[in-house]
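> Residue numbers (my numbering), protein chains in the order written: chain A, 52 to 319; chain L, 6 to 278.
Don't take every hint at face value.
DEER-style ranges, computed between Cβ atoms [stated by the list, open to error]: (1) A:164 x L:186: 24 to 34 Å; (2) L:100 x A:140: 31 to 41 Å; (3) L:80 x A:140: 29 to 39 Å; (4) A:304 x L:128: 12 to 22 Å; (5) A:146 x L:255: 53 to 63 Å; (6) L:160 x A:149: 36 to 46 Å; (7) L:266 x A:306: 50 to 60 Å; (8) L:100 x A:136: 32 to 42 Å; (9) A:81 x L:160: 52 to 62 Å; (10) A:146 x L:78: 22 to 32 Å.
Derived lysine to aspartate or glutamate pairs resembling DMTMM-like cross-links, with alpha carbons at most 20 Å apart [to be verified]: (11) L:175 x A:204; (12) L:125 x A:177; (13) L:195 x L:152; (14) L:125 x A:108; (15) L:195 x L:78.
Keep in mind the hints are simulated off the structure, nothing from the lab.
Cβ atoms here follow ideal geometry from the backbone N, Cα and C, with glycine treated the same way.
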Amino acid sequence: MLAPATHRLETSPLRWLLPLAVLGLVVLGWDLVVRLNDLPPYILPGPLRVLDTLIADRSVLLGSLMVTLRTTLVALALAAVGGAALALLFASARIVEFSLFPIAIILQVTPLIAIAPLMLIYLSTDAAVLTCAWIVAFFPILSNTTLGLNSVDANLRDLFRLSGASRLQTLRLLQLPTALPYFLGGLRIAGGLALVGAVVGEIAAGSAGQGSGLAFRIVESAYRLNIPRMFAALLLISLAGILIYAGLSLVSWLLLRRWHESALGRGN
Amino acid sequence: MTTLIDPPAPVPAAEPPGAPLLTLAGVGKRFGNQVTALEGLDMEVRRGEFLSLLGPSGCGKSTALRLIAGLAEPTSGHIAFNGERAGKASSTHPSVGFVFQEPTLMPWASVFGNVHLPLKLAGTSRREAEPAIMEALELVGLDGFRDAYPRELSGGMKMRVSIARALVTKPRLLLMDEPFAALDEITRFKLNNDLLDVWRQLNCTIVFVTHSVFESVYLSTRILVFRARPGRVAAELEIDPAQPRDEAFRTSPEYAALCRQTSTALAAAMNAG
């Protein structure tokens, strides 16, 4: 019987302590490698050095974090609205889906880093970075929401027809609730991708841009051989990603906790 | 509001129990050019009866039910309600309740919300619909579970919610498509008895699709045995409506004899096809 064992693990403090311990060991190993080999900070700074830099440069770095976060969140919001709206359009007219979906796929499969320089030619730096983040965040929301809108239970659809439901009623009471978990799944993927898009955009803009996001700080620090600051900026990018993921997971849980399998405890 | 809690309209004197509620004449249904689900189906549904459509899988009995519901259009023949030719779905249809093989509940809505659905789609607010919803839930014995979500219910309870949802509009005709096929035998027996109670209390007409000889004999006042390829009625059996349906009946020699007779008719229908 697997269930009781899984249940015990889900609820025990080990669930949290184990990953933390592993993370701690990795950091400790990193520290040991730096100390034992006596590595200079411009080759590999130790974790404490990175932390010191983070605190010393906090005004610059936190300002950059805010810039990157804002770009990411604005792009994510635009992608959520645009992706969901286009998915609704797809669901209401298959001909629109046939016509537009290939373009969305082309946009998705072309590596963003190859598009970014073009964006920078036609758009201002800020707009280009935002567009980069938007492009990558848009597709998972579009494809997931489309999938969700097409996943309506056939019997429920018949029931709505039998009850004389209008198109709007069917959309509001049947299609949208069915699509919600799919949309939220897409949103979580898009959150991470929007950050990637923002970082790629900033790096492509590089020193040419006046942009002051975290990725720009990394490029700038690399030119100055300020390796500890590169690590500090990297740490903040990771934290931003974790924060976005946690935030979106919370939203998802709040919306689905009453009914969707994904949000239910396994123990009962 | 009062219309919702009124008992179903009494049968007018001109239309006594047993008068045809609807008639299918020469009905055929084809899917594409290949599959002929039904051909030349003649049958009638009589007011107040419990009619079972019995047959092997693929004999078109579920298709017949969908045609009656107006969920599909016959490719030939016609369906008439009370002598009036039926037009497009729902508008000219008498009120029909439909119960699917699966409970088909909305997982995001509570039991109350699920049963509310047909009334909500007709524009009746939660508050206005509440008496009718609670009455339907009481009929299936789930009034204590109004705020539960489908995932919290057992298979049998989900099916009860599904039946309550079909009953909430007080339909004159209840169509059921193998509703208990996926349930265990103990739950099925219980639901069989409860369904008979509901049928007697509401005085409605039920068309019940099943592939179980025992279930059809236990429940029905009339059984139509279907044959396959193409689907049509092969035999008709009547069972005395006055016969009490209870555990004594389930173990009686009369029940056994009726089951044998029905099984023979079913076997003959299957060999003919």
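> Hint by hint, say whether it matches the structure.
Against the structure, the hints come out as follows:
1. A:164 x L:186: 24 to 34 Å: 56 Å, violated
2. L:100 x A:140: 31 to 41 Å: 35 Å, holds
3. L:80 x A:140: 29 to 39 Å: Holds - the Cβ-Cβ distance for residue 80 of chain L and residue 140 of chain A, about 34 Å, lies within 29 to 39 Å.
4. A:304 x L:128: 12 to 22 Å: Distance hint for residue 304 of chain A, residue 128 of chain L is violated at roughly 34 Å.
5. A:146 x L:255: 53 to 63 Å: 57 Å, holds
6. L:160 x A:149: 36 to 46 Å: At 40 Å between Cβs, range holds.
7. L:266 x A:306: 50 to 60 Å: About 56 Å separates the Cβ atoms of residue 266 of chain L and residue 306 of chain A, which means 50 to 60 Å holds.
8. L:100 x A:136: 32 to 42 Å: At 37 Å between Cβs, range holds.
9. A:81 x L:160: 52 to 62 Å: 54 Å, holds
10. A:146 x L:78: 22 to 32 Å: This hint holds: roughly 25 Å between Cβ atoms.
11. L:175 x A:204: 25 Å, violated
12. L:125 x A:177: 48 Å, violated
13. L:195 x L:152: 23 Å, violated
14. L:125 x A:108: 59 Å, violated
15. L:195 x L:78: Violated. Residue 195 of chain L to residue 78 of chain L sits at ~35 Å, over the 20 Å cutoff.
Hints 1, 4, 11, 12, 13, 14 and 15 from the list above are not met by this structure, while the remaining hints are.
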